[in-house]
Amino acid sequence: MRHATRVICVIFLAIIVLLNLPLTAIIRVRSGVHDNVAPFQNAVSVIMNKCRESMLVMKDSQGAMTEKKRMQEQIVNLEYQIRELAALERDNEELRTQLEFKTKEKKQLVLCEVIMRGGMSGWWQSLTLNRGSGDGIRADMAVVTVDGLIGCTISVSKHTAEVLLITDPSCRVACRFVRTGAFGVMSGRGVSMNGNAMSYEMICEAKPNKIDYISKGQEVQEDDEVVTSGLGGVYPEGLPVGRVAKIVEHSSRLYYIAHILPAANMRTMNYVFVVMDAEK
Amino acid sequence: MTWVVMTFMLLCAAVLQSILPPFVLLANTKLPLLLAVVLYYALNRDLHMAVVAGFFAGCFQDILGDAPLGYSALCFCVISLATGCFRRAVMSESVIAQSVFGAVSGAVATLCLYFMLSGTEGLICRTSWVVMKTFWAGILSAICVPAIFFVIVRLDQKVGNVEAPEGEMDEIW
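Heads up: the sequence lines are chains A and B, in that order. Residues 1 to 280 in the numbering used here are what the first sequence spells out, letter by letter. Residues 1 to 173 in the numbering used here are what the second sequence spells out, letter by letter.
Hint data in this document are derived by calculation from the structure and do not stem from the laboratory. This structure is a prediction, so every number in the text was calculated from the model and none was measured. Here a beta-carbon is modelled for each residue, glycine too, at the ideal position from N, C-alpha and C. It cannot be assumed that every hint is accurate.
Just some of the chain B residues that point at chain A, by a computed CB distance under 7 Å [to be verified]: (1) 19; (2) 70; (3) 131.
Next comes chain A alone, as it looks inside the complex (with noise of 0.2 Å):
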């Protein structure tokens, strides 16, 4: 019985020196227990991968899977390059300045394999990817999709990295209006439980993001297009963020809040890119 109080009190002084450890430490901790279960989840992923692309494979012809996940990079790759290139046309010769800064950043972008989804407890919306400070990457980078941004590295360690999803109330975007050029914050709201939602990849049911301190002078209409605005040092300018889906009046009537449906589909994100900052 005296053994039995003694491992419980050295128990809960560990938890006591758990919860007071410094900041560091508690990195060193994280990033060393994610590396090594980080195979352990690459390897089940893998499996599950498979499994679903042979039943994919069954449907399609055969080695069309292989063919399309070779492709997905380059497409990716070539559809930022179009934006690019789009954007330097339609802007006039102020921007001419900035173009050259532009071209000085150039975009890289790195394949990674989502291996964990909305973490061990599901309270926030966040993934773990397959790629970590080894490849290069580092916290505050940009993530997306074929279609547009997903969120942001907050953690990483050698081999993996932490992803918070815009769809989290605790994620902030600084946007800009493409048809106006107004600028605001956009914030997550976590998912709706509404829809069909039955999928077994889904980790979410994006609600729509809302941007709120819209000032009335602002043209903001239905279906604008809504990208990266730059600022904040976290985001690149212009990655596609999603189109405006409503825009409501607040209580107070002194500013509209715009509610933002997210560009990149939330729910099947089995592969998605980071975007490499050549500064960070």
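Since the structure of chain A is provided, determine the placement of chain B on it from the hints.
Coordinates of chain B only, in the frame set by chain A:
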């Protein structure tokens, strides 16, 4: 061998819990496999072993997840202590008892974590979401606790930690 089985089960539960995706219809609730392992040791082993299991299960959940280190460990240790107090009063072999303890523990653990996270980490959640999450955590725990008990009992029998006649086990299940 009991410690080896415990370590093995905790590792497997941690990896599985991390990989299995949450379902939005269940308020993003994950299968509480780690909690189920803790409950097994709380209802079938000495109190100190239950607390050790709770500590390591909580550490795994905190380290692999997003919560600050020690939050889940504290929750699981308190739950294992509280459950351990009922150890002699309940038939831990009964599936109903396992489910009831699973449901209550799952709900309590979710609520405790929510209050700690919202108090210190500024977790933003709607009340309805928290209620749904608590409800589904209870339901999922009630389902997965008997399954985890079954697996660990079989594993314990295989390695010789538990000496239960095969016939008796068949009657139970």
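Now the hints, each set against the structure:
no. : hint : in the structure
1   : 19   : holds, 5 Å
2   : 70   : holds, 4 Å
3   : 131  : violated, 12 Å
Checked against the numbered hints listed earlier, the structure breaks hint 3 alone; every other hint is satisfied.
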